[in-house]
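**Q** Next come the chains, spelled out residue by residue.
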Amino acid sequence: MSAILCHRLPGGEAGLAGFGGGLTRPETLDGGMWDMHRADLLGAPDRWRSDPGLRLLAPGNAEDARHVPILADATGLSGVERLAVTIDYSPFPLALVFHPGRALPLLGFGVKYEIAGPIRASALTGGEWIMGGAFIDAMGGGCSAPAATHARPDWQDGFGEMRARLWPDTGRLRVAIRHPMDTGLADGIPAHHLTDLTLTDARGEKIARLEIHEPLEENPVLTFLLPPDLARGPVVIAARDTSGFRFSGTAAA
Amino acid sequence: MRITRRQTLLGAAAALLPVPAMAAPEYRLDPRQVADGVWLIEGAQDSIARTNGGAICNVVMLETDAGAVVVDTGGTLRHGAALREFADDRLGGVAAALNTHHHPDHWFGNGAFADRPIHALPGTIAAQKAGAQALSDGLYRILGSWMQGTAPLPATVTAGGELTIGGRGLTVMALSGHTAADLALIDGQTGTLVAGDLLFLDRAPSFPDADIAAWRAALSRLGAMPVTGTVPGHGPFHRDSRAVAQTLAYLDAFAARMEAATHQGLTPVEALAAGPMPAFADMAANPAEYRRATVQQWRAFEISALPVIGGSTLQTTKN
Numbered sequence: 021m022s023a024i025l026c027h028r029l030p031g032g033e034a035g036l037a038g039f040g041g042g043l044t045r046p047e048t049l050d051g052g053m054w055d056m057h058r059a060d061l062l063g064a065p066d067r068w069r070s071d072p073g074l075r076l077l078a079p080g081n082a083e084d085a086r087h088v089p090i091l092a093d094a095t096g097l098s099g100v101e102r103l104a105v106t107i108d109y110s111p112f113p114l115a116l117v118f119h120p121g122r123a124l125p126l127l128g129f130g131v132k133y134e135i136a137g138p139i140r141a142s143a144l145t146g147g148e149w150i151m152g153g154a155f156i157d158a159m160g161g162g163c164s165a166p167a168a169t170h171a172r173p174d175w176q177d178g179f180g181e182m183r184a185r186l187w188p189d190t191g192r193l194r195v196a197i198r199h200p201m202d203t204g205l206a207d208g209i210p211a212h213h214l215t216d217l218t219l220t221d222a223r224g225e226k227i228a229r230l231e232i233h234e235p236l237e238e239n240p241v242l243t244f245l246l247p248p249d250l251a252r253g254p255v256v257i258a259a260r261d262t263s264g265f266r267f268s269g270t271a272a273a
Numbered sequence: 427m428r429i430t431r432r433q434t435l436l437g438a439a440a441a442l443l444p445v446p447a448m449a450a451p452e453y454r455l456d457p458r459q460v461a462d463g464v465w466l467i468e469g470a471q472d473s474i475a476r477t478n479g480g481a482i483c484n485v486v487m488l489e490t491d492a493g494a495v496v497v498d499t500g501g502t503l504r505h506g507a508a509l510r511e512f513a514d515d516r517l518g519g520v521a522a523a524l525n526t527h528h529h530p531d532h533w534f535g536n537g538a539f540a541d542r543p544i545h546a547l548p549g550t551i552a553a554q555k556a557g558a559q560a561l562s563d564g565l566y567r568i569l570g571s572w573m574q575g576t577a578p579l580p581a582t583v584t585a586g587g588e589l590t591i592g593g594r595g596l597t598v599m600a601l602s603g604h605t606a607a608d609l610a611l612i613d614g615q616t617g618t619l620v621a622g623d624l625l626f627l628d629r630a631p632s633f634p635d636a637d638i639a640a641w642r643a644a645l646s647r648l649g650a651m652p653v654t655g656t657v658p659g660h661g662p663f664h665r666d667s668r669a670v671a672q673t674l675a676y677l678d679a680f681a682a683r684m685e686a687a688t689h690q691g692l693t694p695v696e697a698l699a700a701g702p703m704p705a706f707a708d709m710a711a712n713p714a715e716y717r718r719a720t721v722q723q724w725r726a727f728e729i730s731a732l733p734v735i736g737g738s739t740l741q742t743t744k745n
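Chains as they are written, first to last, in my numbering: chain L, 21 to 273; chain S, 427 to 745.
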């Protein structure tokens with residue numbers, strides 16, 4: 021059972037199957053930086069396993085190294101406490117840490133790709149790490165190139181604008197924030213990026229939290245999955261960045 | 427098994443033999459006359475790959491009293507050189523070259539025509555200059571040794587309006603949609619339309635610089651032209667208007683799929699993984715072109731599906 025919505029498009033179910041369904045043979049993923057990142061970033065040097073309940077959809081190659089679209093779907097697992105996204109050869113290997121809380125363990129996002137290699141989503145459930153991933157070929161350079169917005173003199177116009185929409189029928193919530201997500205690696209442009217985002221319900225009770233690091237794409241768009249009661253909305257979205265800016269908005273169904 | 431001293435020596439010697447360099451790949455052209463003095467060298471129907479050396483676009487040569495007018499120069503210097511050789515041998519040399527737009531499969535062979543005027547729309551020349559390095563990096567990575575010696579050479583002459591070269595009258599149309607500057611050409615003598623990548627036939631269109639609304643407008647202009655035959659940018663020569671109809675149908679179906687995906691809350695990678703519209707799934711270069719197009723065009727569709735709900739404030743500390 022997965023929460024992937026390809027079947028909503030004509031021919032999409034067959035398309036997804038032909039694409040591999042978001043599953044990669046685990047033996048092909050047991051290499052690269054995995055041992056080191058598991059120990060250093062996840063604190064789990066010893067044990068891990070794969071599970072078809074965790075799918076990661078990613079393109080085979082990065083058409084645009086500044087926007088590589090990813091969907092991590094761990095809804096086939098139970099009791100996911102945390103979902104960590106790591107990129108093997110990135111200058112910032114830890115991209116995101118999602119604490120689903122009362123949301124479902126599904127996260128859609130885009131990342132910048134500096135060097136071709138695997139991207140992994142690791143789910144912590146019952147003290148055990150379950151990992152799924154995919155190899156992405158890329159020209160690279162996504163983390164060290166200046167954000168596209170800096171090509172404009174008026175890049176602050178529209179900065180922080182938040183867009184969002186709730187789909188109560190599927191439980192989807194999509195959130196977009198206008199932000200350069202500067203990594204600090206582009207010449208003369210200091211680091212300036214989002215650091216975290218929270219979802220809360222109408223009563224002010226926390227739903228979920230996302231820790232955000234440099235690899236998240238410029239003008240990020242995030243996709244969440246909420247259970248039916250929360251998907252009726254409203255959902256309050258709040259985010260912060262490294263420069264002390266706060267971003268907020270409310271998505272109503 | 428006993429290994430003799432002689433066998434051991436032979437084995438050691440074999441290991442020392444130089445590894446033969448991979449033979450330099452060759453471009454094999456198959457020029458065909460599709461109308462009086464109109465030669466077509468048809469490109470492979472795939473994406474740019476090592477199996478085709480980047481020779482994927484259609485190249486047209488129009489015979490004139492002063493030599494051939496070469497419309498698009500191929501994807502690498504050596505592709506351009508092979509085209510030049512055909513023109514020199516069979517068509518009395520080259521009078522001029524033209525680039526229909528700035529995508530590299532159409533002009534990276536310019537180096538083989540550097541001693542002749544190379545015409546393009548002003549927007550194309552600007553895009554060639556701005557994008558040469560990035561396009562070149564990408565092609566070297568995909569094509570390897572096919573790219574030997576290729577240094578992108580932007581067009582040198584601004585094209586537009588009516589053009590007479592070696593006694594042959596050509597109408598240059600400045601359009602856009604596939605890119606910001608797309609040149610289409612009508613040969614006055616035969617009424618042949620050379621459409622560049624505004625038209626694709628039986629091959630999935632590519633979208634890296636596409637403006638779908640402008641592309642539709644360009645198609646309606648091309649569809650209204652009285653022509654006797656059409657060479658699309660990719661796909662076979664034909665005498666009816668089916669490339670116009672098919673390209674338009676593809677644009678409409680692609681746009682409808684992106685609308686459906688963004689308005690149902692799909693993520694871009696789900697739209698990508700779902701694959702092309704069923705009616706176009708088996709087209710040459712699909713699903714690769716569809717997947718690429720999804721990444722390239724997604725944000726233009728997504729913005730209308732996500733309403734503005736908030737903004738930013740700078741947190742201030744109260745003393």
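Heads up, a few of these hints could be off.
[As the list claims (entries may be wrong)] Straight-line C-alpha distance at most 20 Å; calculated SDA-like pairs for lysine to any residue:
1. S/Lys555 x L/Lys226
2. S/Lys555 x S/Asp541
3. S/Lys555 x S/Gly592
4. L/Lys226 x L/Ala272
5. S/Lys555 x S/Pro543
6. S/Lys555 x L/Ala168
It should be emphasised that the hints constitute simulated quantities derived from the structure, not laboratory data.
**Q** Next, verify each hint and record whether it holds.
**A** For each hint, the structure was consulted:
1. A distance of roughly 52 Å separates the Cα atoms of lysine 555 of chain S and lysine 226 of chain L; the hinted pair therefore is violated under the 20 Å criterion.
2. At roughly 19 Å between alpha-carbon atoms, lysine 555 of chain S and aspartate 541 of chain S fall within 20 Å of each other, so this suggested pair holds.
3. Distance hint between lysine 555 of chain S and glycine 592 of chain S is unfulfilled; the C-alpha atoms sit about 29 Å from each other, more than 20 Å.
4. Taking the CA atoms of lysine 226 of chain L and alanine 272 of chain L, the gap is near 16 Å; set against the 20 Å cutoff, the hint holds.
5. Between lysine 555 of chain S and proline 543 of chain S, the direct Cα distance comes to roughly 17 Å. Compliance with the 20 Å bound is thereby established for this hinted pair.
6. Restraint check: the Cα-Cα separation between lysine 555 of chain S and alanine 168 of chain L comes to about 19 Å, which is no more than 20 Å; the hinted pair holds.
Hint check: violations occur at hints 1, 3; the rest are consistent with the structure.
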